[in-house]
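Here is what each chain is made of, one letter per residue.
Number of protein chains: 6
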Amino acid sequence: MADALSHIDANGTADMVDVGGKAETERVAVAEGSVFMKPETLELIRSGNAKKGDVIGTARIAGIMAAKNTASLIPLCHPLMLTKVGVAITERDDGAGLRVEATVRLSGRTGVEMEALTAVSIACLTIYDMAKAADKGMEIGETRLLSKSGGKSGDWSRAASTGET
Amino acid sequence: MADALSHIDANGTADMVDVGGKAETERVAVAEGSVFMKPETLELIRSGNAKKGDVIGTARIAGIMAAKNTASLIPLCHPLMLTKVGVAITERDDGAGLRVEATVRLSGRTGVEMEALTAVSIACLTIYDMAKAADKGMEIGETRLLSKSGGKSGDWSRAASTGET
Amino acid sequence: MADALSHIDANGTADMVDVGGKAETERVAVAEGSVFMKPETLELIRSGNAKKGDVIGTARIAGIMAAKNTASLIPLCHPLMLTKVGVAITERDDGAGLRVEATVRLSGRTGVEMEALTAVSIACLTIYDMAKAADKGMEIGETRLLSKSGGKSGDWSRAASTGET
Amino acid sequence: MADALSHIDANGTADMVDVGGKAETERVAVAEGSVFMKPETLELIRSGNAKKGDVIGTARIAGIMAAKNTASLIPLCHPLMLTKVGVAITERDDGAGLRVEATVRLSGRTGVEMEALTAVSIACLTIYDMAKAADKGMEIGETRLLSKSGGKSGDWSRAASTGET
Amino acid sequence: MADALSHIDANGTADMVDVGGKAETERVAVAEGSVFMKPETLELIRSGNAKKGDVIGTARIAGIMAAKNTASLIPLCHPLMLTKVGVAITERDDGAGLRVEATVRLSGRTGVEMEALTAVSIACLTIYDMAKAADKGMEIGETRLLSKSGGKSGDWSRAASTGET
Amino acid sequence: MADALSHIDANGTADMVDVGGKAETERVAVAEGSVFMKPETLELIRSGNAKKGDVIGTARIAGIMAAKNTASLIPLCHPLMLTKVGVAITERDDGAGLRVEATVRLSGRTGVEMEALTAVSIACLTIYDMAKAADKGMEIGETRLLSKSGGKSGDWSRAASTGET
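Chains as they are written, first to last, in UniProt numbering: chain A, 1 to 165; chain B, 1 to 165; chain C, 1 to 165; chain D, 1 to 165; chain E, 1 to 165; chain F, 1 to 165.
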């Protein structure tokens with residue numbers, strides 16, 4: 001049944017899925033996203049960052065706090081007691097901007113993909129917010145799940161998935 | 001000074017910008033974003049939507065509520081009394097997935113770009129959440145400001161900006 | 001157009017109404033609700049209250065805090081800077097339980113009926129919560145607007161309205 | 001001691017009850033409530049709903065999100081990791097308005113009655129909000145627990161309770 | 001490694017510590033704080049309190065609610081399902097103001113020191129808020145952990161710690 | 001009437017004060033607080049900070065976000081659209097720890113003392129949280145208003161006030 005929309009019940013209305021019968025297992029999800037910007041904007045952040053680190057530091061904190069807030073943002077997400085949230089922000093290898101990667105862990109009954117994606121999204125928005133005076137044209141993209149493990153549906157990785165397709 | 005990072009103060013540390021001296025003007029911001037997905041995932045949403053409309057309806061509500069929540073998500077955003085938030089979700093012209101567009105209005109002292117971008121981002125995450133049982137490989141992208149008006153820095157549109165560059 | 005559903009746009013989808021064009025006027029809304037309970041439950045609260053006042057005091061605080069939180073609870077409500085919230089809790093004249101009355105004031109562009117009704121509802125739920133060990137069968141009812149004033153649609157009162165009908 | 005007010009400590013002041021010693025059991029609570037309205041208001045919602053389903057869809061989402069938010073609304077409620085929240089909204093058999101029913105599940109140390117009642121209350125308030133332009137005189141009532149199971153105090157149902165009394 | 005800053009990772013950036021590998025044990029933390037004020041301010045609260053108890057009652061509720069909200073206030077705190085929060089407010093023995101003591105319990109993987117300290121801080125702020133019309137010069141101080149038990153790092157008490165030092 | 005407890009109404013119960021009749025004026029409040037710690041703890045933060053700045057950077061962000069959240073933490077505070085929040089964290093002149101100073105501005109009907117004090121308190125708690133693995137005995141104190149201006153009650157400063165007394 002992996003191809004059904006999990007939140008749509010028999011009558012087609014949206015509901016929080018019942019995870020009460022699921023076993024508690026170790027869950028990990030890793031997600032990424034990027035903020036694409038002009039080279040001079042990146043240079044502004046980089047130089048400011050070299051001195052004080054605040055754009056990146058602020059975005060990391062915003063991402064971590066957002067992960068904990070996921071169930072109040074995404075209507076059908078379950079409230080979860082996350083055991084770890086990590087957010088790393090680095091320059092993209094191609095120099096096109098900044099890349100955000102979030103890792104979320106839980107010992108629980110449901111996956112933490114949404115928590116990782118929410119951390120990435122809010123960190124990217126915070127970068128946008130702090131640099132938008134210099135560059136309103138920045139774009140956020142490539143926001144996606146990289147891997148997940150744990151739970152009945154098993155492990156998944158973008159690399160393997162892409163290979164299959 | 002349009003090229004400075006507005007939230008970095010003289011000492012390089014992050015602060016909420018003082019907008020107390022700014023005039024209250026009518027502000028509008030429009031932003032967009034897309035969830036790229038496999039054709040069969042789009043078909044699943046479309047058919048479910050034809051019947052009950054819940055994936056799209058839920059994502060719209062999540063986006064609207066998130067816009068109102070922006071100041072508690074993005075560390076240096078000002079709390080604002082938005083006068084209007086609208087979220088529209090449609091299929092992309094190229095059939096690659098769903099496109100979210102948010103319009104936010106305010107009569108106030110600061111722009112509402114972040115509110116529009118936050119609405120878009122959370123609506124996209126909600127779409128991902130509700131369809132992820134069928135397709136973990138979906139990607140969120142092209143999240144960006146389309147236009148803003150009002151305020152001292154004047155009007156801006158992606159079209160004009162791209163044309164200039 | 002008083003008979004249209006104000007949050008449904010031309011395409012039938014839900015949106016936050018644009019109040020940007022409305023004038024700022026003084027707004028007041030008064031709402032009420034009751035928790036119906038067994039006489040012995042009321043006596044328990046009354047005697048506890050006579051000594052320390054905590055069931056009623058806690059419910060009042062919960063109601064006041066909830067009024068300020070309305071825009072994050074009710075999807076299409078506007079965020080507002082309430083100038084006053086008052087919650088009064090008294091025994092019903094017929095002895096059937098407790099009656100909650102909330103008064104909310106705002107100098108702004110939209111009415112505060114929902115804030116008053118939300119204060120009443122959460123205060124009633126708090127009373128239920130604090131007394132439910134003694135009486136699970138309590139019922140919350142007669143939650144309704146008593147009056148509103150201010151705004152283009154003018155004044156309204158339940159008494160006058162009932163008289164008309 | 002079922003007749004004591006559980007949140008009042010030995011000195012009569014309000015406190016969160018210690019549930020640390022309680023066993024984790026499966027908990028279910030079902031609650032209901034109604035929004036009473038004029039036939040023409042119900043017809044407006046019904047016809048709007050037939051087309052797009054947004055009043056009811058929005059109210060359902062608001063109810064689900066509120067259930068997850070219960071511990072931040074009701075002062076002495078424990079934070080809980082709900083495993084399921086479901087909200088159903090239907091027309092009342094007597095045609096007097098809409099009836100909301102919420103079901104909440106948890107594997108935990110304390111009951112979820114308040115979460116079910118909060119979901120019902122906020123869903124009803126959302127219905128009121130979306131239809132109030134047409135009918136300010138609507139009334140919310142019959143908000144009450146239908147049944148609960150799990151926990152040391154055992155099962156309870158309104159039907160059985162009423163029969164006893 | 002008790003002397004390392006636990007939230008700083010190998011690269012010196014802040015992260016939520018991974019508590020996934022920690023055992024669930026019974027945790028208790030007790031913290032205190034005081035609001036120092038002029039004798040006549042204390043007398044105002046005392047007399048008001050003798051009649052209705054609202055300054056102290058309101059501050060207690062604010063402290064309890066804040067404890068549940070800790071993970072959304074303190075960036076690197078884990079979300080936790082607290083099993084008990086108690087807040088007691090009494091006059092200081094030296095008559096210099098009010099003393100707040102909070103006790104928080106959890107059966108979980110991480111300590112609850114921050115929850116106890118947050119409850120104390122917000123209760124103190126609430127006392128300040130409610131009495132500030134009479135005395136803006138009040139000072140909050142002596143906010144500190146009194147004891148904690150449970151977890152790998154073992155028990156700690158201020159008394160023993162002070163004795164050691 | 002400056003010596004009355006402003007939130008206590010005629011019947012002695014707590015209420016949000018009505019500020020609807022107050023004029024909108026420029027308001028500023030400055031507050032301070034300190035985290036007292038062992039010299040080696042301060043050295044740990046200082047050296048970590050020299051490299052990456054994260055303890056102090058994280059605490060500043062937490063303080064700014066908390067100021068915006070004041071009305072949902074302190075029961076009788078009004079929701080406000082702050083125009084500026086600034087938080088500065090420096091070493092105390094006497095070397096006893098870190099000092100936090102918050103400045104909050106508003107063009108509005110009520111003062112922002114509580115917002116400044118809340119920013120200070122949460123920033124101090126965050127410092128405690130991030131350093132507590134090294135030093136559980138830290139103490140938060142000297143949390144107090146330094147000055148306020150604007151509003152009918154006029155300006156106030158601790159220096160002048162102390163001089164008077």
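If you're looking for bench data, these hints aren't it; they were derived computationally from the structure. Every value quoted in this text rests on a predicted model; they were computed, and no experiment measured them. Using N, Cα and C, we set each Cβ at its ideal position, and we do this for glycine too. Accuracy of the hints is not assured; some may be wrong.
[As the list claims (entries may be wrong)] Chain A side only, calculated, beta carbon under 10 Å to chain D, not exhaustive:
#, residue
1, Ala14
2, Asp15
3, Gly21
4, Glu26
5, Val28
6, Val30
7, Gly108
8, Thr110
9, Gly151
Do the hints match the structure? See the list:
Given hint, Ala14(A) at the interface with chain D, holds; its Cβ is 7 Å from that chain's nearest Cβ, closer than 10 Å. Hint on Asp15(A) holds. Least Cβ distance to chain D is approximately 5 Å, under the 10 Å limit. This hint holds: Gly21(A) has a C-beta 8 Å from the nearest C-beta of chain D, less than the 10 Å allowed. The criterion of a C-beta within 10 Å of any C-beta in chain D is not met by Glu26(A), whose closest approach is roughly 16 Å, and the hint is violated.
Interface restraint check: Val28(A) against chain D, minimum CB-CB distance 18 Å, threshold 10 Å, status violated. Look at Val30(A): its Cβ only gets to about 23 Å from chain D, farther than 10 Å, so that hint breaks. Interface hint at Gly108(A): satisfied, since its Cβ lies 8 Å from the closest Cβ of chain D, which is below the 10 Å cut-off. A least Cβ separation of about 8 Å between Thr110(A) and chain D falls short of the 10 Å threshold, and the interface hint therefore holds.
At its closest, the beta carbon of Gly151(A) sits 14 Å from a beta carbon of chain D; the interface hint therefore is violated under the 10 Å criterion.
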